[in-house]
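Chains A and B, in that order, are what the protein sequence lines are. Numbering-wise (the working numbering), the first sequence opens with residue 186 and increments by one. Numbering-wise (the working numbering), the second sequence opens with residue 4 and increments by one.
Hints are computed from structural coordinates only; laboratory data are not their basis. Watch out, some of these pointers could steer you wrong.
Heads up, simulated DSSO-like pairs for lysine-lysine below, C-alpha to C-alpha not over 30 Å straight-line [to be verified]:
| id | chain 1 | residue 1 | chain 2 | residue 2 |
| --- | --- | --- | --- | --- |
| 1 | A | Lys-255 | B | Lys-60 |
| 2 | B | Lys-86 | A | Lys-255 |
| 3 | B | Lys-86 | A | Lys-244 |
| 4 | B | Lys-45 | B | Lys-60 |
| 5 | A | Lys-242 | B | Lys-60 |
| 6 | B | Lys-81 | A | Lys-241 |
| 7 | A | Lys-241 | A | Lys-255 |
Below are the chains, spelled out letter by letter.
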Amino acid sequence: TQLLEQSPQFLSIQEGENLTVYCNSSSVFSSLQWYRQEPGEGPVLLVTVVTGGEVKKLKRLTFQFGDARKDSSLHITAAQTGDTGLYLCAGLQTGANNLFFGTGTRLTVIP
Amino acid sequence: EPEVTQTPSHQVTQMGQEVILRCVPISNHLYFYWYRQILGQKVEFLVSFYNNEISEKSEIFDDQFSVERPDGSNFTLKIRSTKLEDSAMYFCASSEEGLGGDTQYFGPGTRLTVL
């Protein structure tokens with residue numbers, strides 16, 4: 186079983202603050218995807234990162250894939266209450282097409 | 004924007020009954036997947052499907068499970084004799100290709116409750 190650990194598991198911050206969520210593994214992934222999931226709904230794709238060291242920005246969200254393609258981070262600048270949700274990282278290994286999901290980070294942004 | 008759809012949104016069944024969960028993947032996608040998420044746990048891979056056959060399956064996907072693409076648009080997951088522990092959210096996903104950099108798009112899920 187390939188384990189993707191996310192930290193922190195829970196995060197509660199004030200609106201306007203910055204935060205970073207981490208996704209770590211001892212395994213190498215050919216790509217890594219970040220999803221956001223609302224209660225009772227399916228994961229909604231935020232971004233896919235493929236190249237080691239890659240940085241992608243989506244408005245206030247910045248995603249980075251580690252040089253060794255074993256880890257990733259999600260940084261949110263000036264968090265808003267609408268950012269509240271469960272953030273999941275999921276990795277694909279070379280030669281496989283099944284996603285391994287992380288343990289998730291539940292973010293609460295307090296107004 | 005194209006999306007994966009799933010029906011029903013919620014299915015309640017008695018233990019031992021057969022259920023069929025339905026999915027319509029994004030139309031130009033070639034790879035299809037089923038995942039499940041037991042309440043409070045991680046999303047787990049069940050099976051991937053390409054060219055009318057299973058390409059990968061997990062340990063969870065035992066003989067009680069089967070998948071089918073009965074026509075050009077639907078992709079189904081059948082559980083032959085449901086158990087209490089099959090209660091979970093079941094997500095269908097699809098991707099254009101099954102390559103490492105490809106993105107899987109998820110449907111809204113079917114909540115299966117086995118009584």
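Each hint, compared with the structure:
no.: 1; hint: A:Lys-255 <-> B:Lys-60; in the structure: 23 Å, holds
no.: 2; hint: B:Lys-86 <-> A:Lys-255; in the structure: 36 Å, violated
no.: 3; hint: B:Lys-86 <-> A:Lys-244; in the structure: 44 Å, violated
no.: 4; hint: B:Lys-45 <-> B:Lys-60; in the structure: 17 Å, holds
no.: 5; hint: A:Lys-242 <-> B:Lys-60; in the structure: 34 Å, violated
no.: 6; hint: B:Lys-81 <-> A:Lys-241; in the structure: 39 Å, violated
no.: 7; hint: A:Lys-241 <-> A:Lys-255; in the structure: 17 Å, holds
When held up to the earlier numbered hints, the structure conflicts with 2, 3, 5 and 6 and fits the remainder.
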